[in-house]
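Colleague: As they're listed, the protein sequences go chains A and B.
Start counting the first sequence at 12; every next residue gets the next number (our numbering).
Start counting the second sequence at 12; every next residue gets the next number (our numbering).
Treat the hints as calculated values from the structure; they're not laboratory data.
Note that this is a predicted model, so its numbers are computed, not measured.
Relax, there's no trap hidden among the hints.
Okay, the calculated bits of chain B under chain A, using three or more residues with CB under 8 angstroms as the criterion:
(1) 52 to 66
(2) 88 to 94
(3) 105 to 113
(4) 121 to 134
If you anchor each label on the Cβ, the simulated ranges turn out as follows:
(5) B:172 / A:218: 53 to 59 angstroms
(6) A:71 / B:222: 56 to 62 angstroms
(7) A:35 / B:244: 47 to 53 angstroms
(8) B:130 / A:255: 48 to 54 angstroms
(9) B:222 / A:170: 57 to 63 angstroms
(10) B:189 / A:151: 42 to 48 angstroms
(11) B:34 / A:182: 55 to 61 angstroms
(12) A:12 / B:172: 52 to 58 angstroms
(13) A:119 / B:172: 32 to 38 angstroms
Residues from chain A that keep clear of chain B, each with C-beta distances beyond 12 angstroms, as calculated:
(14) 30
(15) 76
(16) 137
(17) 166
(18) 198
(19) 219
(20) 254
(21) 257
(22) 258
Heads up, the beta-carbon is just placed ideally off N, CA and C, and yes, glycines get one too.
Protein chains: 2
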Amino acid sequence: MIAVVCGGVGAARFLSGLLDVVEQSEVVAIVNTGDDLELYGLSISPDLDTIVYSLSGSSNAETGWGLSGETWAAMEALDRFGAPTWFRLGDRDLATHLYRTARLGEGATLSQVTAEIVSAFGLGLAVVPMSDDKVRTRVALASGEEVSFQEYFVKLAHAVRVTAVRFEGSAMAAPAPGVLEALGAAERVVIAPSNPVVSIGPVLSVPGVRDVLAARRATVSAVSPIVAGAALKGPADRLLEELGATASVGGVAKWLTGVAATLVVDRADEGRVGEVESEQMSCVVTDTVMRNRSVAARLAEVAIGGTP
Amino acid sequence: MIAVVCGGVGAARFLSGLLDVVEQSEVVAIVNTGDDLELYGLSISPDLDTIVYSLSGSSNAETGWGLSGETWAAMEALDRFGAPTWFRLGDRDLATHLYRTARLGEGATLSQVTAEIVSAFGLGLAVVPMSDDKVRTRVALASGEEVSFQEYFVKLAHAVRVTAVRFEGSAMAAPAPGVLEALGAAERVVIAPSNPVVSIGPVLSVPGVRDVLAARRATVSAVSPIVAGAALKGPADRLLEELGATASVGGVAKWLTGVAATLVVDRADEGRVGEVESEQMSCVVTDTVMRNRSVAARLAEVAIGGTP
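Bound conformation, chain A alone:
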């Protein structure tokens, strides 16, 4: 069994490759919920949905989020009220949030509801939120203001300087059922090429997760989301710099060395293997830019211990 520590888009691409080389029933995805939000009374879990939509072939390839063939009638109608519509919810996407909210309201846990959604989308892997408890990533800005992750990421388009990140509720959160067991028992654990600060960070902040990974560090590998000093998507490069690391494979290694023994980096970073090794991680070089599914499959094979 392979366990994958996941954020959203990068993790979804990695998982789609992994599912080409490993049976769905052998994969457990443990997913960041620090990005979750409540909007218009609805419970929204962007990273969980990105993974489910993407793996089921339902995701919108153009936008990188939401569903393909989506319509926007509800959002357009919301304009009438002058309500904030910076977080775009498509009509079909809304159904997922309505269902999740209804089930949570009935007393189901987030991991139960997620399993139902995964099954409704015809998927066979396990997709597990990091915790059934509420953990919320809060981002302190250079302006002095502290905002939610989605305000930072979507509303402000991450075009602001960050001074600190914290995971509200994390200290009191319990890992969701099966999370520590999967991370402990998996043949290999892979930390997906997601933002180490705000996607992997919240998962590591859940009590017990960091310890179980540290204890089996030798068989945990991570895929660097930083290639040639830049994030492929999102603000991972700037966040690393702003929080005192460097936007490089060395910076990623420094961030993850406590929980993973191997860092998989792109060929573009072949010259930086030494930076990784000086953080007490072994470094594997391969193609990590998943421009198509066969690259993703080869990357997955390498990440779970195959030859590059």
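Mind docking chain B on chain A? Use the hints.
Modeller: Just chain B, lined up with the frame of chain A:
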């Protein structure tokens, strides 16, 4: 100023006629919220929305509820989850519920949110929920089961026998700000041609409402929703019979005589004027079947004291 005690569709038609003969700024609609429900975490107020959609020319004339030109992408997507979809929510209609839910979550009252929605739809009359507190119409069935109003009305298509109706939360509910004032100060009060049991009944059950109407009964008129022994729409006729009254203008008069001195009935009931009068109500005969707006306008004129 004219105050109108309202349910949904019948009241909306009556109001559209009234607004042809009275300035919008002179009309206060006091609306049943016993039909309200929470679904998928959303706060839904069917009668309030029916009135706003209808008066703003946005309502769906075919279905008699919801918005015209509506799409159903969210509902269709909900099918995937096997979620109950008997209460149909169109994509654009969802926006109203999302907005209402968001504002209530921020601490706004239902009457504040309703005023915002009324204004967003470009209307100038006052539309006021009977109470900002939660009152829920519960329907006891001959089967022994008790269901919510919407389960009775929509899910069971009111094709079941009813033994009792109660308005849960009503005894502790306060009338919304302005309700008793409007009912007390209005030049005329009209009880719209809505279901006397489950549309007008909840409004009358709010503490203070019945008393203020009884005290000024002489200038309160009601329009009978029963014509020639049958309800024009919905189960008013059966409910009256099931709850021990008769499905006739006489039955309506018996139901409302404590709070109104005049009953406006259709020409089809000309022969039943005596039944009304024997309930200590004066009876006015005119066209009450609002097949178009000019009939509605003439009816409104009669109801507020004009000549039939």
